[in-house]
Structure formats: C-alpha cells, structure tokens
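Protein chains in written order, with this note's numbering: chain P, 4 to 600; chain Z, 2 to 582; chain G, 153 to 283.
Calculated from the structure, these hints are not laboratory results. No experiment lies behind these values; they were computed from the predicted model shown. Glycine included, each C-beta is placed from N, C-alpha and C at the ideal position. Please note that a few of the clues may not be correct.
Result set (PhoX-like, lysine-lysine): computed pairs, CA atoms no more than 20 Å apart in a straight line [as the list claims (entries may be wrong)]: (1) Lys62(P) with Lys243(G); (2) Lys482(P) with Lys130(Z); (3) Lys62(Z) with Lys307(P); (4) Lys482(P) with Lys423(P); (5) Lys251(P) with Lys234(P); (6) Lys423(P) with Lys62(Z); (7) Lys258(P) with Lys155(G); (8) Lys389(P) with Lys477(P); (9) Lys98(P) with Lys116(P); (10) Lys325(Z) with Lys489(Z); (11) Lys186(P) with Lys234(P); (12) Lys163(G) with Lys258(P); (13) Lys62(P) with Lys279(G); (14) Lys153(P) with Lys157(G); (15) Lys16(Z) with Lys477(P); (16) Lys157(G) with Lys258(P); (17) Lys153(P) with Lys163(G); (18) Lys338(P) with Lys163(G); (19) Lys76(P) with Lys33(P); (20) Lys325(Z) with Lys577(Z); (21) Lys279(G) with Lys32(P); (22) Lys153(P) with Lys186(P); (23) Lys116(P) with Lys262(G); (24) Lys338(P) with Lys279(G); (25) Lys279(P) with Lys319(P); (26) Lys251(P) with Lys155(G); (27) Lys307(P) with Lys16(Z); (28) Lys20(P) with Lys57(P).
Residues on chain P that point at chain G, a partial pick, calculated with CB under 10 Å [stated by the list, open to error]: (29) His10; (30) Gln45; (31) Phe54; (32) Lys57; (33) Lys62; (34) Pro131; (35) Glu132; (36) Arg249; (37) Glu259; (38) Ile267; (39) Val356; (40) Lys593.
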Amino acid sequence: MADYNMHVLVCGGTGCKASESEQIKNNFKKYLSELGLADEVQVITTGCFGFCEKGPIVKILPDNTFYTQVTPKDVWEIVEEHIVKGRKVKHLLYKDPKNDHLIPDATGMDFYKKQIRIALRNCGFINPENVEEYIARDGYAALGTCLSEKTPEEVIQVVKDSGLRGRGGGGFPTGLKWELTRKAAGDQKYVVCNADEGDPGAFMDRSILEGDPHSVIEAMAICGYCVGADKGLVYIRAEYPLAIQRLKVAINQAKEYGLLGTDILGTGFHFDIELKYGAGAFVCGEETALIHSMEGLRGEPTVKPPFPAESGYLGKPTNVNNVETFANIPVIINKGAAWFSAIGTEKSKGTKVFALAGNINNVGLIEVPMGTTLREVIYDIGGGIKDGKEFKSVQTGGPSGGCLTKDFLDVPIDYDNLLKAGSMMGSGGMIVMDEGDCMVSIAKFYLEFTLEESCGKCTPCRIGNKRLHEILDKITSGKGTREDLDRLRILGNVIKDTSLCGLGQTSPNPVLSTLDNFMDEYLAHVDEHKCPAGQCKKLLHYSIDDEKCTGCTLCFRNCPVGAISGEKRSPHYIDQSLCIKCGVCLEKCKFGAVLIR
Amino acid sequence: MINLIVDNKPVVVKKGTTVLQAASSIGIEIPTLCHMKLEDMDIENKPGGCRVCVVEVMGRKNLAPACVTLATEGMEVKTHSIRVVNARRTVVELILSDHPADCLICAKSGNCELQDMAHHLGIREIHYKGEQSTYREDTSPAIIREINKCIMCRRCEMMCNEVQTVGVLSAVNRGFNAVVAPAFEMNLDHSVCTYCGQCVAVCPTGALTEVDQTGAVIRALSDPSKTVIVQTAPAVRAALGEEFHMEAGTLVTGKMAAALRRLGFNYVFDTDFAADLTIMEEGTELLGRLSAYMKGDKNVKLPILTSCCPAWVKFFEHQFPELKDIPSTARSPQQMFGAIAKTYFAEKLKLKREELVVVSIMPCVAKKYESSREEFSMNGNPDVDYALTTRELARLINLANIDFRTLPDENFDQPLGESSGAGVIFGTTGGVIEAAVRTAYEVFTGKPLPRLDFEELRGMDGLRKATIDFNGTPINIGIAHGLGNARKLLEEIKAGTSEFHAIEIMSCPGGCIGGGGQPYHHGDVEILKKRQRAIYSEDKNKKIRKSHENPYIKKLYEEFLGEPMSEKAHHLLHTKYFDRS
Amino acid sequence: MTKIKTLADLKRIRDEVQSKIKLREQGDKPDKLVQIKVSMATCGIASGAKETMTYLIDELEHQGIDAVVTQTGCMGYCFAEPTIELTIPGKEPVVYGHVGKEKALEIIEKHIKLGEMVDGIIPVSYKTIDE
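The following block holds chain P by itself, in its conformation from the complex (with noise of 0.2 Å):
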C-alpha cells in the first residue's frame, strides 16, 4: 500500500484549467517521478477553490501551504524547494491585501474565513432524521434554558439585544416583533413559520428545513413559550416534499422525546405543530396573504395595521418569521446575544444565507457575516464568473431585487446599504450576470415573474406591472421610444409609491436599477436598435458574406419562411423584410459565411 506522506492538490475548477493548471499537475507529476518521489507525494486534482481570483492554486499538505497564481514554470521551483528542501516559495504565497504580510496557511486566509455557518450550523453535518443527532449538537438546550430558566420577557430581551433582524427580507427587528405579538390581548395566539419559499432559484430555506428541520422546531416552541402561544403552524409549499417529509419526520421525534406537546421538559409549557401546505404563490410569501391561504381564503395580502400581531391567523395574534430568522434563535440562546451581535454591522447583526446563482462557478448555498462585500461573496467564495467571462451586474433580493453594478462590488452587504444601493436584501437570492446579458432582457425576465405571481387585488400591480412589461418588449423589439425610457421610469415609480403589498411596492426595482445603471444599454435598444449583449433576438441582423459564400444553397434549403434567395454557386442574399431570426441559416452554414450583429 503506497502510503504518501505529502500531497499536492492542484485546482481542476474551471477558472484554474483554463490558466493551464492541467499542464501544472503534469510537471508535478512528471518531475517528481525524475525524482524519484512518485511513490512518497500525490498529485491530485480538486474541484475548485473558490478563491479563482488568484488562481491557477496549489495546496500542498499536510503543510497546508497555499500557494498563488502559480505557472507551469514555477513547478520546479515548489518541488525543489518546498517538497524536497521544505522551504516555502515565498513569492507564490498568498499576499493579504490589508497589510501585505504573505499568509503561508490557508486557514489564516480571508476567504476561509468569510463564510460561518450560523443558520446552516448543522446543514450537511448531521443526519436530519436523528434527533438525537441534533441533540448531541446541543440541540434544545436553548428550549429547556428558557422554560427552565428564563422568563419570556428575558428570552425577547435577548433576541432584542442579539439585533436579529427578519430574514425573509422585511428585515424587522425579530425581538420586537415577538413583544408585540406577547402584549397583544388574546385567548388563543399563534407562531407561524413562513416556509412559503419564492424566489427563482432561492433554496435558502428548504435547505434547513432539509438539514436541520429541529432548529427550526426549537425555534418555534421558543418563540411560542415568548408569545404565549401553544400552537404552530408551518406554512409550507407543497413543492418541497422532501422537507416536508424531514419536518414531519422532525416533529414526530420531537413528540416522541417530550420536545413538543405537552408539559414539555416538565415545565407545564404546551406546544404544538402543524404542517399549512401553500400552492406555490409567491404572494403568500407575504404575511398577511400566507394567513388568508392558511385561512381557506384566497390568498392576497390585506392592508397592515392591523398587524398580523394585532390580528393574524383567525384573527388572533400571530407571529410571523422566516425558516431562516427561527434558525437562528437556539444559537442565539446559547451563546448569547452579545456574541451574536458582535457579528455583523452595525445595523445588521449575524449572518446571511444566499444562494449564489447565475454566470458563477461555484453556485451553491453560502453563509456569510453581515458585512461582507460583494465581491468577496462573487470572487472569493463564488469563485469568480464562468469561463473567465466579465463581471456585468449582481441581482440580490429575489425578482423584485436591483441590478447593481460593478461600482458597487465593495458595498458591504447589509440591509440598509443594499436599500441605498437601489435594490434590497430580500430572502437571499443572489444572481450574478456578466457580459453576455443583456439587462433589457434581463428586467423583463423578472417583470415577468412578478406579473405570473401578481395576485391582481390592486391597480398599480395588476396592470401596471402589464404596462411595464408590454413597454419593455417594445424596446426589446427594437420598436422602443426615448419617451418610453421615461414612461418606464414614472410608472415604476408610481407602481413602488402605490402598490398595496411588498410585492407590488418592489416589483419595478429590476427595471428602475437598471434603468439607473445600464442606462447605456437601453439607449442602444431604442436609439441603435442594438442589442449589445446580443441577446435581444429581434434585434439581431442576419447578412451573408458574398466571400465566403459558396453557394451550397443549404442555407435556402432549410430557411422556414423563404427569406433566403440567389442560384447556385453564386453568394445568397437574406431578405431582411422576410427574416425572423430564427438563425437556422448560421447553424446550416458550413462555410461561416452567415454574419450576425
């Protein structure tokens, strides 16, 4: 058995291979086998690092050297130096950009230490459907300190002091938030878990729910202990069986060890949960539109006050949080609200979830302190755009979110400056384009969603989300006016100023920020009739080069509406009146004599 005593990782991401670090591992490989040490050090390839900014990388253990934006030549140098003599090459390492002292350690890295996992702690480290899995992870020792311990005013206090903040994107204070709802007058009063989901490619809170279904259980027992409420409700879509086969699981192991029902932990404290199936309604994201399905009732949202605290499910006191705001709480409990707080920014306490998504190379589900920039999220820990394309905007806070440009990459994410930024925070999407979008079609594409999940109950929403969009295809159709840039623009504003609900009040932000920030591209629509992503297909122009034309007649052969014409052997011409751009010819073409612009 060949027992390596030193192993060398090279990057096979994408980024990485692309910078050569496939001939890297070779020359490792090939000089260690010159060597002679073929049989003592492994060379393997690892997906990617995430840290593509400095790639090509190179990690050598059980040192855990890292090392930098290393070349096929520099090869023989690491394998002289560091494997066969043990010194570090010191000009390869990693340089930190705040005080310039070389970091030999990846763990003493930035970018290893930008994500902690707060809300996902237990999310992919232990096995959801074992309670006492979560239990060894002191799992509902936060429950059985506040029954025991604690009376409720003191449990809010310290949600109060921790500074969490709602995470489905409202961003309300979540301590004040359960003080209203405990000083509410009521018989009966309730504590609903908004599971309702929405976002295009958002899967914070399915995940928890997935991988840690108990944290939010005693989260919720928690908060109804801080309430006064006995009873939960889990307002989930029916489109997330797994995690609702996993809370099931959950809910039934936690009747089973006394966690849930009644007299839990011997303290005389009821508590209960139900499972509340949504249809998938974006809307019923929204509090007061959640109740109103949890109801029976169609769901729309209704003007606030009251307040679901005043006056929520059956019109009793009701206190709404996100999966993720509830995730946090038992941490919060245990370690303290000082230690919470001191993650984060000032106004915006602890982590975010996001789901990185789009043009990235590490798409996946990321926690990061409040704080942190946007481009530490892209570069750092997303791994940069995909092969090695431009950055061109990042879209955060689901469809109704801002476009933001490259000159916001510094701004910390935080509640209050992306809101400055001109988008928001939302429940954590997070949507990265880069040079080949056209952002045009881009706030189309999210208008778009918004006029699916509308849910018609008022003006501005129901139609003037229509208007919007019928305004946008105008211009992708290349048939826009200057003037309706600026129709564009008051009606958006209008829309946010009048709509009802959250929904409707941020449905035009993708179109306003781009408006803002990609001013130069919607002005290529309407002024050039250009696309210059080249996404807009009715804007794109199909010509022959005569040079290059053979005059096979494949193209005139297989054009759908005849708009190709010329004999054989001699340059075909397109007919621009008759063209749909439907581009059969430029695939057909064997001689690339199809131009497109």
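For chain P, the structure is supplied; the task is to place chains Z and G on it using the hints.
Relative to the frame of chain P, chains Z and G by itself:
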C-alpha cells in the same frame, strides 16, 4: 381624540377614524373608487385595492390609501401634492387602459363611477396602451356579466359573500387575468346565484347589469293585437323620480301612472292590489297554522316565512331545501297579479290569455327570473311576460320624449289598481309583516286594531324582532333583510331554537326600496332611508290601510275566488318549492 | 424511547449521544470506522445522491469494509452535487464533489482502502460556529 393635519388644516377625530373620514369631516373629499360604505347598515367594502384614494403621509415611504389608513396622532396628510395627483391619475389611467372604451353605448353610461372618476380627474389622454382583458359575456335570466368591464373593486364579491352569504362571486385567476366570477368561471345560471341583484346595485361600472327587456315591451306596445297591462311594485314609486333628478324620497305615484299611460299601456294597474291579495292568502295561512298550533297540533310548521321575494325563495331552495315546507305557499304579489290578470281580468275583457301581455315594473332583477319560472305559466304562456326594473322604466319614459317632472298626477285603472296602505308598505323591510299583522289581528281577535303603525317592526336594523299581543296571545315576529341575516334565522329554525311564529325575509338590504333594479344609490344610505320614509308617508295618507278592507279585493273573492285558500285560490295564488341543492 | 422530562435529562442524553458523535467525528474509535456523509438535500438527490448512497452502502458491505454511511443536509456545494464527506479515522474530513458510482468506487478503492486521495476534492470554504 386624535389630532392630525390634512392639507394644512388641523382636524380632531375619534380613534379609529380613517384618513378618508377625517378629511371628509373638514370638507376635503378624497376620491375613491372601490370603497363603498352604507352607513348604519354594517355594509362596507374597503379592500384598499384600487389605490385611487392614495394620499401622502409625511414620514411614510410610500403613499397611503386613505380609505383604510387610520388617522394617528400628529399625522400630516397631503391629499393633492404633485406626487399624489400624478399617482392618482396614473392609477386611473391604468384602469382605463384595461377597460373597453365603449362609454357611448355602455348600459352604465352616465351612471358609471369610473367614467365620473376620469372626468373628475380631467383625464384627457391614456398614456398606457396595451393588451386588454377579454372575457366572454355571461347572460342569465336576470343578470348580465360583462366582465371585461370589471375593475376588481370587489364590491359585488363583498355583497355576495359577506352581506348575502350566497358565495357565488369571488376573485379568480391571478395578476392581469384576475376577475370576479363564479367558481370554475361557470355561468351564473349554473351557480347558486339568487339573482338578488345586489352585485348589480353596487357595481361601479357596466360589468354587472340587468337583462334589458325594454325592446320586447316596446314591441308589445306597438302590436295592435295585444292588450298590454302594466303593474308597478310599491317601491318603484319611491325611487323612480331619482332617475329624473328629483330629490330622493319624492313620491311619484301619480306621475308614474301618467307616464305609463302615455307610453301606451292599455291598463295601468298596481302590484299593491296584489299585495293586498297576498295578505289575504298568506294571512289566512298564518292564522290557520297558528290556530292548529294553539290547538296542540305538533305537526304544524312554524314559524311561517314570507315568500314575496324571489331571490329569497331561490336562496332557501339552494341552501335550506330541508326547510322548503316552512315558507308560506302564497305566490309573490307580482305572480298573483299575473295569474289574476290572465284569468279574472281576461274574462272581464273577454280576451284569451295569449292576447294579453302583462308587464311588471319592479325594483328588482330577480323578478325577471321569477316570471320565467315554469310553474308560473300556462301552456307556455307566462303569467307575467316581462319584468322591467325601475331603471328600465326610466329609459322607456325618456325614449318616449316624456318630460316626467311636468307630468300631471293620474290614478291607476280599476279593478286591479286599488290598494290599501298595507299593500304599499310591502316596499320596505318590515312592511309585509306589518301588513299581515293588521289583517291577521283583526281576523284572529275579531276586534278592530287600536293602532295601525307598528313602529316596533320598522327600521333599518338587519335583524329585528317584536312581540305583538293578539288579545292575550303573544305572537313573536322576526324580520330579516339581507340574506346573511336571513341565514341566521334559518339556522335557528334548523336547530329548533327559533322563538318566532312568523318571519319576514327580504333579500335586499332595506327591502325592495334597496332592490337591485332601483336607481343606483352609489353607496349613499340616506337615499334608502328617504325612500323608506316616502313609503310610510304614502301608507299614512291612504284612506284604506288594511288589506282586507280593500273593496276590490272583496269583490275579487265574491266574483271569482270564493274565499282565501279556496281551491281556485290554491290553484292560482299558491305555489310549491323545489330542492335545488 | 422514554420522554425527556427535564432539562437535566436532556443534558444527560446530550452527553451520551455527543460522545457517540464525537467518536464518529474524530475517528479515534479503536476499530477504525470509516465515515461517509452523503449530502441528501433536494439538490443532491436531484443529482443522484440517493443512488450514490445506496451504491456506497452496498459496495462497502460487499467488500466487507466497516464504514458508517449517513445522510445529511445541504453542504452548500450545489455546483458539485452529489457531494460526500469522507472521514478516515485520525484524519481530516475530505469533501468530494460529483460523486457518481464510478467516483464512489474510485474513492473506495483508492482513498478508503489505500489512503490515496483522488481527484475531485472540494476545499471546505466555511467554518462552523463550534470551531
């Protein structure tokens, strides 16, 4: 008390007052569209959906809908800042951009709140053009739904669900495709709709209207082979004047008779006559059941329920079929009139029933449906051919170039035009039962009534009750208007806990004066109250105020029917009910 | 299972089960138990994590290797599902991405049996709050 500032003027209001009410209290009328409130009747629609009433509240990030935003201490409100005016106009433009621009030929033209709003805001251009919603039209025996004119104010939905508890209309679909419709977007005539017409009464646009039968009536009037008879319901005379810009509550009985005569009706009769006839039959039925009950008959069905209101009849046929033996079997006055006109009066004229056309003028859209019920026809010839609403009559009068306001007062024709005050008060909630009590008391006790005005039975409360002393026998009377209130009494009956001997039920809030066929009240409850006062004043001024004292009724029994509940009366004046559940 | 009746009960149980998990986590159990956690959230399952898990269990049993295969939630590396975390007793856990049957077999043959890491390791990019 709460202090706030609206458009720089200080206002003091009670806690719980909305910004809309606070502004109104100092004469600032913020325009509204979806909002509607019938004061004192517990009927209010405020979904906060149309967003026309938005105002600027200092310190708030977005605009606030005045109709659902409560006034708070120190609040500063601007109702016509440029931000507000721009938003309000944009919102109305958006509604107009998804609304057919066929105002010129719309049934609601001139009475349309959206049209008024566009005019009020001076909208001269719609900056937003695009796809318009298209929905198929849905026609039923009484109501037409032209849903592409729906603006999602949800008033009809509120009426249908909260007030009437019928539950036919609700919002369906989402986003731009959202409309108000019956479940599964089925047609109205497949649903449990009662045709009460309260949806029509509150619809701000032309999305819900009555089936127009004026054309058919004009054709009948111009057909020389037909003798056309008209009957007018009691509530019509208290409201018709409004269609000619007369003060609400102006009684126009005489002018109405004159107008009908000028329209060419051969005989101008009064449904009030049939109302007196109803009292004879229904009162006798009540007394019959009561005396059987007094004698210890355990099988007798009590309480007896009135059966004049066709929407109410359809309501219990759908929702409480197990109680269908309880209501009086007496037909409604409209149908009694039709049956008598096409038999007794036809004989007098020596005409066949096919040569007669009976037209009724009703405050109601359900009457159109009622007249089309199969049991109210003979060999395919209906007892009542056409039932027009008050509004349709006004259109006929306009069409005939009649200056209604300057018409002289004329009388009804005889023998079917004479009525007592008891017949008149059928037009308001509480009236039928008061009329019944006037007759039943005297028949039961054999003594003349010491007083005729039963104030305890009058009013606008949705549910009322009174105990009338029938010379030592206490008779418990219940009154409900609005089907939601009726439902409460029916649930009690079903549970066996009802304390009543007799109950009057009217579907429309206020009774027939608030019917779905009346001139639009646009949410002004004062109009309903004025109509009610007009009805009682007509009663007060009548020489004969008890149904059994109507000489033509006496004559009808002598010449034709024999006595109340006789076999002939049973055949012509009574009916049966169907399980439609 | 008897119900947990007091906070003290809960703490006792925690200490009991904690030691079990610690043994597993740290791999210093004398009988050298190999541990594999398969990320079984929706993203993982959609990419075939169930098949991978079944295969691992069957193959390890077939080869007579004493190992514990458990499921867990989303580790966050959704770009590389299915992902597994392999802990060889006494060593740091290693996360592998894109683990299909072939990769799973390679991991068993090389990493578990021979102690050779194989291609496809994903560097762990976060820290948990217990550290």
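* **Violated constraints from the hint list, given by number and in increasing order** => 4, 8, 15, 21, 23, 32, 40
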